[in-house]
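Residue numbers (the numbering used here), protein chains in the order written: chain A, 1 to 220; chain B, 221 to 465; chain C, 466 to 1105.
Treat the hints as calculated values from the structure; they're not laboratory data.
Glycine residues also receive a C-beta, built at the ideal position from the N, C-alpha and C atoms.
Mixed in with the good hints, there may be bad ones.
[What the hints assert, rightly or not] With a straight-line Cα cutoff of 20 Å, these simulated PhoX-like cross-link-like pairs (lysine-lysine) come out:
#: 1; chain 1: B; residue 1: 266; chain 2: A; residue 2: 93
#: 2; chain 1: B; residue 1: 299; chain 2: A; residue 2: 93
#: 3; chain 1: B; residue 1: 263; chain 2: C; residue 2: 964
#: 4; chain 1: B; residue 1: 312; chain 2: A; residue 2: 83
#: 5; chain 1: B; residue 1: 266; chain 2: C; residue 2: 468
#: 6; chain 1: C; residue 1: 964; chain 2: B; residue 2: 233
#: 7; chain 1: B; residue 1: 263; chain 2: A; residue 2: 93
[As the list claims (entries may be wrong)] Going by beta-carbon spacing under 10 Å, a handful of chain C positions derived as facing chain B:
#: 8; residue: 597
#: 9; residue: 601
#: 10; residue: 630
#: 11; residue: 741
#: 12; residue: 743
#: 13; residue: 748
#: 14; residue: 826
#: 15; residue: 829
#: 16; residue: 830
#: 17; residue: 1042
#: 18; residue: 1043
[To be verified] Taking CB as the label site, the calculated pair distances span:
#: 19; chain 1: A; residue 1: 97; chain 2: B; residue 2: 236; range: 20 to 28 Å
#: 20; chain 1: B; residue 1: 416; chain 2: C; residue 2: 666; range: 36 to 44 Å
#: 21; chain 1: C; residue 1: 1016; chain 2: B; residue 2: 249; range: 30 to 38 Å
#: 22; chain 1: A; residue 1: 112; chain 2: C; residue 2: 833; range: 32 to 40 Å
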Amino acid sequence: MWYFKNALTRKNLMALTGLFLSFFLIIHLVGNLQLLLPAKEAQLQYNWYSELLSGSWFIKIVSYGLYASILIHAVDAFYLSQKSRMLSGQYAKDRRNRASSWYARHMMLLGLIIFAFLVIHFKDFWYPYKFGEIGLDADGQKDLYSLVVVAFQDWWYVILYAVAILALGFHLIHGVFSATRSLGLYSPFYTKMVKGVSLVFGIILSLGYLIIPIYLFINN
Amino acid sequence: MKIHLNVWRQKHKDSKGAIVKYSLNEVAPEMSFLEMLDMLNLKLAKKGERPIEFDHDCREGICGQCGLMINGIAHGPLKNTTTCQLHMRSFKDGDTIYIEPFKAKAFPVIRDLKVDRSAFDAIIAAGGYVSVNTGQAPEANSVMVTHDEAESAFDSAACIGCGACVATCKNASAALFTSAKISHLAKLPQGKKESEQRTVNMVNRMENLEFGHCTNTEACEVECPQEISVLNIARMNFEYNKAKL
Amino acid sequence: MAKTIKANIPAGELNQKWASYKAQAKLVSPNNRKKLEVIVVGTGLAGASAAASLAEMGYNVKSFCFQDSPRRAHSVAAQGGVNAMKNYQNDGDSIYRMFIDTLKGGDFRSREANTYRLAECSASLIDQAVAQGVPFGREYSGYLKNRSFGGVQVSRTFYARGQTGQQLLLGAYQALMRQTETGKIKLYSRHEMLDLVLIDGKAKGIIARHLDTGKIERHGAHLVVLATGGFGKIYYLSTLAMGCNASAIWRAHKKGAYMANPSWTQIHPTSLPQSGPYQSKLTLMSESLRNDGRIWVPKAKNDQRSPNQIPENERDYYLERKYPSFGNLAPRDIASRSAKEQIDAGKGVGTLQNAVYLDFAHAIAEYGKDVIEQRYGNLFTMYQKITGINAYEEPMKISPSAHFSMGGLWVDYDLMTTIPGLFAIGESNFSDHGANRLGANSLLQACVDGYYIAPYTIQNYLADEINTPKTNINHPAFEEAELNARQQLQQFVNCKGSKTAEEFHKELGKILYDKCGLSRSESGLKQAINTIQQLRDEFNENLLVPGDVEDINSELEKAGRVYDYMELAELMCKDALSRDESCGAHFREEYQTEDGEALRNDQDYAYTSAWEWTGNPSEPLLNKEELVFEFVKPIQRSYK
């Protein structure tokens, strides 16, 4: 398994899984934007979309890829950061932080927040939809829409979401660009461009994901 | 001017170190930082105490032997400046300055502010060269290197091996040091030929010497006295992946 | 009894000598090479290149340096460039021209054959360095670029921005590290040589101290190569690194190797002036700055105006005035002495009035700031870091500073000292530069000695050693040397006086600067000898070294180095005193022409002084090597 051989290959793995997850986030957001449609329409369309996804064998395979990516990304990150923590020095006075942005230094913390959020997210939506008792809508489809809408009635739940999404945003701003570096993009021009793209990507995605719970909270 | 110093003192590699406080009253702004330490050491010696051991040699910013964490920053507050080139005019009367060695598992402290950076030599030994023997090299102008290629290679080759990148990195990664050599040689036609072999060997050596991983925070570039670019690290990753794929 | 010594120069035409040497040199077969061991002390350009070359040939090399890594040797600090006869510029260069330039630059006090060999081997060095990946300056087309340098009228200097020494050294260092990986080189960094060990009159090993632990070690070999650099640091304030020292060569001298021309020290014209009593070193600004900078002082004494307020007609561009054909590119000894003249005449500038101006205003006006920045950007930045002054807007202040030791261990054509089996290469020997070294020739000499000469001559020596078994480090000679070294260190620690080695060093340096520096006089030198002897006595009684011998102890390291300087300093003065002429960097006030130029005396002093240790530092014995000028007739040096 040369992929686990050293920090470079492990970082490659993190970059590849990270980029794959980032790509998934776009698709996921596009799907979720259906929640912003007028309530009646949204309910039927969103539930139809959910059933479509869960019924497709192609999506099934992709979703296993996703689960694997999340696990590999998290385990590798945990392994590398623990290892590095033991290798780096501690200073009585430490101002090393002046040389880099805090989110770049705290990817592990941001990642942990995102991971914790994912657990809640899976527990509240994915698990009931797949294995739990769930009502049906007018078309006889599993009514995920109502589950979501009800969940976002609580203000604390919206705040929990917002915090996680913000963490995700910063994680993406550094993560996407860092991934391209780890994979070996070294042209000065393109690296500069990628830096801009990651910034825009992180902002747009987190805004997109933020609007939904806020919209649902206000509208109900 | 008056300066208060909090200096890391440690007897041996395995002993526990601690911060010890000193004060100096007659520091001149034109003094270099190391001359200020010389002054302190003279004072200590006269009192019969052990002077503070610290690394230094050329005192003109090129040998790479000096290197201190000054107020928690590698080589102190001035950008792109080695410790020896830092002058006391960068501080104010009454300032308290923390002085600590570069710390990382791969850089064990020898005594006080002196650290063992032989791990860097070991990385170079793993492949940081063009495998050419002395004596029968071809005519220099038979290998054409454009002005821009040469300048770019120089930018990477300018590394002085001081270790500020490792000390600054939250992961104690030697990626900047290692990659600077890899890309210096990969950028030149003479060195390109064995780039893959070189990169794989150097990266593996770096791993074995207990340096951490690179998370692209880019802090190393900011504190590097020679302004070595982090794009060298990306180049290293590229060369490595190219070798493996 | 003083002896006349011979340099073993091969017979024949000048341009055939080295070729015939190589053709006749003895060889060692590959399977015998692996049985032979070589010690190389020093990992600068000369040491690293020799160690790498010998290891590539198959010898087992032990490489020593006191720095924490071989890459930090002071060759790293050379800025301007390296000379080589490639004639890429097609401006009339040739090996003979380069030889004449070097010989003339050295004021006809070097050996013809050695100097010619230096020029002859120069071209291959560039090939070698390029192959190693040294990023020399290039034209846009991809061809190598040159710049001009002091003392010559062609452009033959190759450079890598202002860090040529660093890049060349990294090339040699990498070659060295490559051999450590193969196991052919065993690297001993943070080791300082304390003594040379002779068995049956031959150099067979060294005593070294591991500086991190204080442990004293014995190392044996079939021969020893010293590549320990120059000792300009004896002046305390110098352009050298803090750790540069004379100890290795001085201790070899005390074991029988002759010291040649020890007083010939190049005082570099373009270093930064001293700013206060705490100063520990003077930073060099590359001589290449003189290509575009113009040197001047105010015409009036004690002119307190800021330089930009002094109008053109009140400035004295004294180098251009005195030496119209070379102007600001006059050789170093002349440029330095002229600066000292101006400073002594009360025209010095800066707070301590110890500097002259180096002005780029004209160059910036002519070529634009961009071009100047591209050429010297890092030097300007460095200047600003140290002085806080922006040299694009205000002239730099520069002053002369001790720099390069033309003198060193006497070596023959093989670069072997008077001790069989002890070689000295690079700046640690005296060989190629005569009484003054031309700019960009020191990197060249170090590399040529290490890459191209030592591998042949050392092999020639080793060919007779193939049946000699490995050196036994339990031999009584090792016992004795180790004991002596240990006792000396213990004495330093036991002295428990009140002055640190550094304080003694500063005093010694001041004496040398004043009396045995840019200009020397009989009375001054005699006075200096006296003062040095007193200082040495005080050193022996009043030295303060905190800490222990068997421990890391930088004060102890300094004490050993200063102890040796104390003895060497006296020899330098004696050497300067014995030479009743002026030549190159050796300027005796009594011997000058009417317009203040050096007055050489070829009749009586066309020889190399090779001093022999007699056991008493105050009574060295002078031996002479006559300099025979077979091919060139020495002329009066003129740069007017």
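Which of the listed hints are broken here?
The structure conflicts with hints 1, 4, 5, 6, 7, 14, 15, 16, 17, 18, 20 and 22, although it agrees with all the remaining ones.
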